[in-house]
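Protein chains in written order, with full-length UniProt numbering: chain A, 1 to 72; chain B, 1 to 279; chain C, 1 to 385.
No lab work stands behind these hints: they were computed from the structure. A few of these clues could be false.
In silico lysine-lysine, PhoX-like type, Cα no more than 20 Å apart, as pairs [said to hold, decoys possible]: (1) B:Lys264 <-> C:Lys220; (2) B:Lys269 <-> C:Lys220; (3) B:Lys100 <-> B:Lys128; (4) B:Lys100 <-> A:Lys28; (5) B:Lys240 <-> B:Lys156; (6) A:Lys28 <-> B:Lys269; (7) B:Lys240 <-> B:Lys264; (8) A:Lys33 <-> B:Lys128.
According to the in silico footprint, chain C covers these stretches of chain A (three or more CB under 8 Å from chain C) [unchecked claim]: (9) 41 to 53; (10) 57 to 71.
Source: prediction; values computed, not measured. All C-beta atoms in this analysis are idealised placements derived from N, C-alpha and C, irrespective of residue type, glycine included.
Here's the letter readout for the chains.
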Amino acid sequence: MGKVPIRLREVVYTLSPFQQSVMNGLWKDLPHKAAHHMHNLRDAVLFCVAPIAGIAYYCADFKEKEKLHHRY
Amino acid sequence: MLRQLLSRAAPGWKLGAATLAAGTAGLAAAAGTALADEAEHGLHAPSYPWPHDGFFSSYDHRSIRRGYQVYTQVCATCHSMDLIHYRDLVGVCYTEEEAKEMALNIEVTDGPNDEGEMFERPGKLSDKLPAPYMNEEHARYANGGAYPPDLSLITKARHDGQNYVFSLLLGYREPPAGITVREGLYYNPYFPGGAIAMPKMLNDGGVEYDDGTPATEAQQAKDVVTFLSWAAEPEMDERKLMGTKWIAVLSLVFLTTVYYKRWKWAPLKSRRVIVDVVN
Amino acid sequence: MKRLSIIKQPVLSVLNVHLVDYPSPSNINYFWSFGSIAGICLIVQIATGIFLAMHYTPHVDLAFLSVEHIMRDVEGGWFLRYMHANGASMFFIVVYIHMFRGLYYGSYASPRELLWCIGVVILLLMIITAFIGYVLPWGQMSFWGATVITSLASAIPVVGDSIVTWLWGGFSVDNATLNRFFSLHYLLPFVIVGASVIHLAALHQYGSNNPLGTNSTVDKVGLYPYFYVKDLVAWVAFAIFFSVFIYFYPNVLGHPDNYIPANPMSTPAHIVPEWYFLWVYAILRSIPNKLAGVAAIALVFISLLALPFINTSPIRSSNFRPFHKKFFWLIVADTLLLSWIGQQPVEDPYILVGQCASVFFFIYFLIMVPFLGRFENYLIHYKTR
Numbered sequence: 001m002g003k004v005p006i007r008l009r010e011v012v013y014t015l016s017p018f019q020q021s022v023m024n025g026l027w028k029d030l031p032h033k034a035a036h037h038m039h040n041l042r043d044a045v046l047f048c049v050a051p052i053a054g055i056a057y058y059c060a061d062f063k064e065k066e067k068l069h070h071r072y
Numbered sequence: 001m002l003r004q005l006l007s008r009a010a011p012g013w014k015l016g017a018a019t020l021a022a023g024t025a026g027l028a029a030a031a032g033t034a035l036a037d038e039a040e041h042g043l044h045a046p047s048y049p050w051p052h053d054g055f056f057s058s059y060d061h062r063s064i065r066r067g068y069q070v071y072t073q074v075c076a077t078c079h080s081m082d083l084i085h086y087r088d089l090v091g092v093c094y095t096e097e098e099a100k101e102m103a104l105n106i107e108v109t110d111g112p113n114d115e116g117e118m119f120e121r122p123g124k125l126s127d128k129l130p131a132p133y134m135n136e137e138h139a140r141y142a143n144g145g146a147y148p149p150d151l152s153l154i155t156k157a158r159h160d161g162q163n164y165v166f167s168l169l170l171g172y173r174e175p176p177a178g179i180t181v182r183e184g185l186y187y188n189p190y191f192p193g194g195a196i197a198m199p200k201m202l203n204d205g206g207v208e209y210d211d212g213t214p215a216t217e218a219q220q221a222k223d224v225v226t227f228l229s230w231a232a233e234p235e236m237d238e239r240k241l242m243g244t245k246w247i248a249v250l251s252l253v254f255l256t257t258v259y260y261k262r263w264k265w266a267p268l269k270s271r272r273v274i275v276d277v278v279n
Numbered sequence: 001m002k003r004l005s006i007i008k009q010p011v012l013s014v015l016n017v018h019l020v021d022y023p024s025p026s027n028i029n030y031f032w033s034f035g036s037i038a039g040i041c042l043i044v045q046i047a048t049g050i051f052l053a054m055h056y057t058p059h060v061d062l063a064f065l066s067v068e069h070i071m072r073d074v075e076g077g078w079f080l081r082y083m084h085a086n087g088a089s090m091f092f093i094v095v096y097i098h099m100f101r102g103l104y105y106g107s108y109a110s111p112r113e114l115l116w117c118i119g120v121v122i123l124l125l126m127i128i129t130a131f132i133g134y135v136l137p138w139g140q141m142s143f144w145g146a147t148v149i150t151s152l153a154s155a156i157p158v159v160g161d162s163i164v165t166w167l168w169g170g171f172s173v174d175n176a177t178l179n180r181f182f183s184l185h186y187l188l189p190f191v192i193v194g195a196s197v198i199h200l201a202a203l204h205q206y207g208s209n210n211p212l213g214t215n216s217t218v219d220k221v222g223l224y225p226y227f228y229v230k231d232l233v234a235w236v237a238f239a240i241f242f243s244v245f246i247y248f249y250p251n252v253l254g255h256p257d258n259y260i261p262a263n264p265m266s267t268p269a270h271i272v273p274e275w276y277f278l279w280v281y282a283i284l285r286s287i288p289n290k291l292a293g294v295a296a297i298a299l300v301f302i303s304l305l306a307l308p309f310i311n312t313s314p315i316r317s318s319n320f321r322p323f324h325k326k327f328f329w330l331i332v333a334d335t336l337l338l339s340w341i342g343q344q345p346v347e348d349p350y351i352l353v354g355q356c357a358s359v360f361f362f363i364y365f366l367i368m369v370p371f372l373g374r375f376e377n378y379l380i381h382y383k384t385r
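Working from the sequences, and respecting the hints, build out all of it.
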């Protein structure tokens, strides 16, 4: 029981070449796609761009303070 | 469940976009802190709008010609340009006749001849520009221990070379209060350390241009830097022209490949696959 | 589909199986093109390198001049050299993206452990090849880079100094060093070709991974025409990116000091390796002890090699691993940070930042990779229980 593999049949339905559009899909619903990508980029921004920007800011700030400290 | 998974499978390009953004942030930060130690590395040169800097800009060849005159009349007394030959000037800022004429004015040691002797002959197009000193030791001896570097590659061999050389040439001034410069050195904030062995060489009217351009100090500096930029990158005009053509063509090829890809993939993208159990 | 019988001929049939009819998962995205782009980079480097070698002279007195001879007097020489010099950078950009793709989508996970390990070996070979290639123009950075990096071997106890002398072929970086580096720089690319063929063979054992990280055999389509046309888009985009560097910013990735002929008497203010080594260089410099620094570099590559074996996640793609996804972006940020720190002088605050970044690098590979797999697995079962 249960060891017999289930026999599957795969049927592929395709459109006629005359019904297919080649380029439309690229710009169809572009604002939605852009928003979707932005949403997916959230982790990258939070965990890649933000730490680098933060640490770069820290270093620049450190250097600036050091310079001011040496000045007087 | 599977559909949910599929819809959450993010398209790949976002990896690249984020990496690029992060890289840009890092670069911006690097630019900010690179200015930190100006005394040690010299004052950072301001950015000047060189006419040949743009994507589609070529050298100002009149300026190269004037710059060559500045080099021969001023710089060449101490600085060699070992990688530049008279032939290199032909078609760039001099005609073949002019260049041959200039080459004739120098004496070149050639040989050995049939008797095994070295001999002097007038210069030819294939000769290098004459070097002021026989070797480094000679140059150092004549310049109080300092070695005037060869100028063939100078704008490529210094950070931000063109702006650096330009600023350096015009950067001589009295040392600020509290700073003394050793005998034989000159104060120049753009030079690493602030004290340079080269005295101020460019002065208004110090050069005579054969095209009648008023030879102000700044004009000479601009022309000689243009000449030195050309000497360091003589291929730049050809390079940019070739690049413009090549990238224009590649962009068209790119659009074609995008269409080609989408055309081939359209049947795959618009198919529906039904997997069913066979009873 | 009826094919010409020529495809069934010996050798050609192997090429057909692996490069034409080869079935690939239908859902792989453009990040899967970076493998073939890396192959193109290798071919470009070998092709330009062979022609450069026809004009180059590996001698301390002539090497710098022969490179300038190529740049100025050889017809199209500047193009060849700029393509070769920037091609090395392109190769590393492509390979780093290729590796991060593997990291994100779990391409190294079982059963593709060997595939990943061969890739790490290729990376090592590339690093050695690029390093000794950078010595050949015999500029200031070539000479001093070679001196600093080969001297690292002196950190090895007892035999260190003998190894350095053996590497140099003398008592300083000199003509013998330049000659052997040229010879090895010609040899190693062909070793990389061999390793790449093995890499490809290992890939084709189980086939490509895919962005879902699921069983890749569900829906496959032929490499030709589908991935041929898709890769073509990526190749042309890459060619445009590459061209911008060659034609408009040929020296932006290099160091100006390398246009000063090598001079053993004068040390440059800062000795900086090529940008693609900066992340390793930063880890090396973060540790004040030379031997420990060299050991840390060894540990970097050991961690990379160990990655598939210490990974505990049954899920490959980070799209479905919310915790790992965040750590993936952190390790990307960490590598970029290390690359930035690597070009800064050794002073505050860069020392501290560099040390933290180095520690995080090892925390990710040696602790987070094994831990996150278990942790996420625990959460899944916690939810279903």
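Status of the hints after comparison with the structure:
1. B:Lys264 <-> C:Lys220: Answer holds: Lys264 (chain B) to Lys220 (chain C) is near 15 Å, not above 20 Å.
2. B:Lys269 <-> C:Lys220: Distance ~13 Å between Lys269 (chain B) and Lys220 (chain C) Cα, so the pair holds.
3. B:Lys100 <-> B:Lys128: 12 Å, holds
4. B:Lys100 <-> A:Lys28: 66 Å, violated
5. B:Lys240 <-> B:Lys156: 17 Å, holds
6. A:Lys28 <-> B:Lys269: 14 Å, holds
7. B:Lys240 <-> B:Lys264: 35 Å, violated
8. A:Lys33 <-> B:Lys128: Distance of about 62 Å is beyond 20 Å: violated.
9. 41 to 53: holds (count 8)
10. 57 to 71: holds (count 5)
Going down the numbered hints, you'll see the structure goes against 4, 7 and 8, while the others check out.
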